[in-house]
Amino acid sequence: MTHSTGIKVRGYHLDLYGHVNNARYLEFLEEARWTFFEERADLPAFLSSGIALIVVNINIDYRYPATMNDQLVIETAVKSVGNRSAVIHQCVKLAGSDTVVAEADVTFVAFDGKQNKAVAIEGKLRELLTGLQHQA
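The sequence shown begins at 32 in our numbering and counts up one residue at a time.
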């Protein structure tokens, strides 16, 4: 199930060359993940469970330079769900086109704050993440 989040490129997103700074893409991707879970899941109930989804790896491929005032669309979907980790795939495009600006695979674990460790992805969390997987 793919979700779209729009972001407008602002001046403070840019580097000295007038392109979106590579570190800003991490913020764009995070904003899109939060919006994805806010709109597709019961985020308050999940947050009150004591389990957090903690990013452990991000792989980003930068494909096209975004510049001032570009409208970006970030497509987000769960790519895969394993026993102890899952992967969200995110694709940043120029709005209204097929131009891919960047793509990322974000690997995360379920972290139990009470136990202070990563835990198995099971039960309601597994159901939620499986239901949010992109169906090709």
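One thing to keep in mind: the hints can contain errors.
[To be verified] In silico EDC-like pairs for lysine to aspartate or glutamate, Cα to Cα no more than 20 Å straight-line: (1) K145 x E106; (2) K39 x D143; (3) K148 x D129; (4) K39 x E134; (5) K39 x D101; (6) K110 x D92; (7) K39 x E61; (8) K110 x E70; (9) K39 x E106; (10) K39 x E58; (11) K155 x E62; (12) K110 x E69; (13) K155 x E70; (14) K155 x D73; (15) K110 x E62; (16) K155 x D143; (17) K39 x D73.
By construction, these hints were calculated from the structure, which means they are not laboratory data.
These are the hints, each one checked on the structure:
1. A C-alpha spacing of about 33 Å is found between K145 and E106, which places the hinted pair above 20 Å, so the restraint is violated.
2. For the suggested pair K39 and D143, the alpha carbons sit about 35 Å apart, so the restraint of at most 20 Å is broken.
3. Distance hint between K148 and D129 is unfulfilled; the C-alpha atoms sit about 40 Å from each other, more than 20 Å.
4. A hinted pair counts as satisfied when its Cα atoms are at most 20 Å apart, and K39 with E134 qualifies at roughly 17 Å.
5. Only pairs whose Cα atoms come within 20 Å are accepted, and K39 paired with D101 is accepted, the gap being roughly 6 Å.
6. A C-alpha spacing of about 16 Å is found between K110 and D92, which places the hinted pair at or below 20 Å, so the restraint holds.
7. Between K39 and E61 the CA atoms are separated by roughly 15 Å; this keeps the pair inside 20 Å, and the hint holds.
8. Under the criterion of a C-alpha separation no larger than 20 Å, the hint pairing K110 with E70 is consistent with the structure, at around 18 Å.
9. Restraint check for K39 and E106: the C-alpha separation of about 15 Å stays at or below 20 Å, so the hint holds.
10. Restraint check for K39 and E58: satisfied, since their Cα atoms lie roughly 13 Å apart, inside the 20 Å limit.
11. Annotation: proposed proximity of K155 to E62 is violated, straight-line Cα distance about 24 Å (limit 20 Å).
12. Between the alpha carbons of K110 and E69 the distance comes to roughly 18 Å, so the proposed pair stays at or under 20 Å and holds.
13. Distance hint between K155 and E70 is fulfilled; the C-alpha atoms sit about 17 Å from each other, no more than 20 Å.
14. Pair hint K155 plus D73 holds up; C-alpha atoms about 11 Å apart against a cutoff of 20 Å.
15. With a CA separation close to 18 Å, the supplied pair K110 and E62 stays within the 20 Å bound.
16. Using a Cα cut-off of 20 Å, the hinted pair K155 and D143 holds, with the two alpha carbons roughly 14 Å apart.
17. The straight-line distance between the Cα atoms of K39 and D73 is roughly 27 Å, outside the 20 Å bound, and the hint therefore fails.
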